[in-house]
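Engineer: Chain Y is already provided as a structure; the job is to place chain F with the ligands on it using the hints.
Those sequence lines, one after another, are chains Y and F.
In terms of my numbering, the first sequence opens at residue 4 and continues consecutively.
In terms of my numbering, the second sequence opens at residue -9 and continues consecutively.
Take every hint as true, because none was put in to throw you off.
Here are a few chain Y residues that sit away from chain F, every Cβ distance over 12 angstroms (derived from the structure):
1. Arg12
2. Ser22
3. Glu37
4. Ser70
5. Gly72
6. Glu73
7. Ser150
8. Gln153
9. Lys182
10. Leu198
11. Ala213
12. Gln216
13. Val227
Examples of chain F residues lying across from chain Y (beta carbon under 7 angstroms, computed):
14. Phe57
15. Lys60
16. Arg67
17. Gly68
18. Arg71
19. Glu373
20. Val376
21. Val379
22. Leu380
23. Gly381
24. Gln383
25. Val461
26. Ala462
Derived from the structure by calculation, the hints contain no laboratory data.
For glycine and all other residues, C-beta sits at the position ideal for the given N, C-alpha and C.
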Amino acid sequence: MPRAIVEVRDLHKSFTRGSETIDVLQGLTLDVGEGEFLALMGPSGSGKTTLLNLIAGLDRPTAGTISVGENVISDMSESELARWRTRHVGFVFQFYYLLPVLTAYENVELPLLLLPLTKEQRRKQVETALDLVGLTNRMDHRPGQLSGGQQQRVGIARAMVTDPTLIVADEPTGDLDTKSADEILRLMEILRAQLNKTIIMVTHDPKAAARAQRILHLEKGQLVLDTAAVGV
Amino acid sequence: MYGIPQEMGPVGFDPSIFLLSGYLLGMLVGLISLALVVGLVTLPLFFFVLFLIEQVSRVVAGTTGAFVSKLVLIMFRGLRRSPLRTSLTYLALFVLTTVLVFLYTILTFIGNVTAEKEANFKAIVTHKTVIPSQIKPGYYNQFKDLVLNGLPPDMRPVNGENDIMSWSFVGGSTDPINKRPDNALFMFCMEPQKITTMMDGLDDLTGDEKRIIDDGIEKMLANKQAIVVSQSRLKKLNVRVGQKIKLYGLNYPDMIFEFEIVGSLPDGKYEGVGFMNKDYLDQLLKTMPADYLMQDKALNLIWVRLPNKMAFERLSAMVDDPKNFNSPPIKMETASSGIGSWMEAYKDIFFGMKYILTPAMVGIMCLVIANAISIGVRERRTEMAVLKVLGFQPRHVMALVLGEAVLVGLLAGGMAAFLSWFGIGNLKMQIAFFGAFIVPWQALVYGPALGVGVAFLGSLGPALSAKNVRVAEVFARVA
Ligand SMILES: Nc1ncnc2c1ncn2[C@@H]1O[C@H](COP(=O)(O)OP(=O)(O)O)[C@@H](O)[C@H]1O
Ligand SMILES: [Mg+2]
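Chain Y on its own, in the form it takes in the complex (with noise of 0.2 angstroms):
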């Protein structure tokens, strides 16, 4: 395996609900190297979104260390994360949360907006993320305007205009035809193989997961079975 660029340590993490506490996480572990196209499989409620989130620097978690290339995340602050999440980490959702007040084009340029980037410089990037997705012609449309696939490509762009180490994926094709699922699939192996970038996708369905190098499952806050995966 690569050299690793996400390294997770001993992570735990625990919701209290009243009086109750859930401990999500219970020292898991990981490495995810370099380029790696990881996918996280298990059970509903198992933690899979709970650790996209620690690993995306969305939550801070309960003990254990997180770090993402040179910076160790689970020290930051929250508004230190944010800045961090933008040149760093780039999401796709499973609904894709597009604002539907805004164009394609506005929704991609979105995080360039806290870049100091020029107009120009910003132009550039959006329009080779659209191209990247084939949707250079729908970039004036409001997400309304889309399909739903489109919707998600027009996500997949969002993700990576700003260049990031690491995309994470919650269920990307989880509301999506199949045919539209193989497309969202087929980009990110380009992602992968093209640019080199580090993904982890959440999945439920053992076919997009066949299409990452390696599979875990997450079961009761443990990593229970790391397969290699047979695909790429």
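Structural biologist: Chain F with the ligands alone, transformed into the frame defined by chain Y:
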């Protein structure tokens, strides 16, 4: 008798306070309804203005690509996205601002009337105890002398003699036997040149109206027997300008006036009456016997315009001094002191308007806004979370929510204030002789400020909750 309300009765309890409260409540309901209608009618205008500003910010965002202008653009789009909620927020703020602009206007108006403008500080000298006031004509010159020579120089009227006016009421009938209201004419008897310097409503004429009144005054100065009469009265008496008429005294029994009508008054000013020259009354009095019943009663009021309150107080003391005037004794009041004591009785209501109604309305509107905005925030919780995921800072998210509300507040407040100011300003409502009832221009500043303030306060809570949206919580259980 000259427009000042009667004093309170001796019971010390005034039932009209309930009546007034009732009127005010009715007016408030009426005002709110009217504001609602105007607000509804101006909704398209509001959205049009919103659209215009959005276009401007779009151009700015397009050319400069500035982060802030992009945020503003997102705000505008957010507003257009839920037109119903935006409309309701606009309406609420519009109605609130309109009502408060009116309250402010009324309170300012009352304040002006009671405080009396320093530069135009008019006082009236009357009999100390008897109503209607009748005093010795000789008091006029005595009073003038006191004002022009007895007061310290810096307290004397700015325009000297021109700021003092004697006033007598003269009524007569065209029929010597059958004296009836329809053949009677009542006149203010004074020095003609003061008609345009001392008489409210005639002192600021322009154009044709001014030319006509100046012409009449010219003729009155040249001819003691010349009079100017309101057009409605001329019609009622069936006479025309240029005609001569004979009047048989009503309050001046046995006196016969021979007048020449030389002019008329502008429409709507001093309807039903006329003006005559003081010299003519003086001349006629001289022809009457020394014991004629009106000899010592031929002066009703003296008006004086003083530079300030201090001058008023000094002069008032001199007027009260029996060494100066003792038979009869006289008193001096400002036009407002009568109003002032009347207001005193209603001060609870005005206090209530100012310190209870206003804060209550602002408070209620804050809650209405808070409710509307928090529904919007709840609906867009996921979007706020997405923005945060992308790296937007909590303060950006907060600014988005506040900005949307404040934009609506600014527009609603601005439009409400402008429409009230413009609408009422064009009505030119004259109230008694206190001048026109107009919305002060300051409302154009306070209106938008109020809209912004209420919108800000109302959206602060929802904005904070948007700011504190926990991203992980929004997404964890969705997938
Ligand atoms: N913010 C939270 N507060 C309380 N409980 C949570 C929170 N986020 C997740 N959980 C709980 O943690 C468990 C794992 O959730 P999640 O990571 O979303 O599972 P998965 O994505 O694998 O379906 C679930 O029982 C869920 O209810
Ligand atoms: Mg999940």
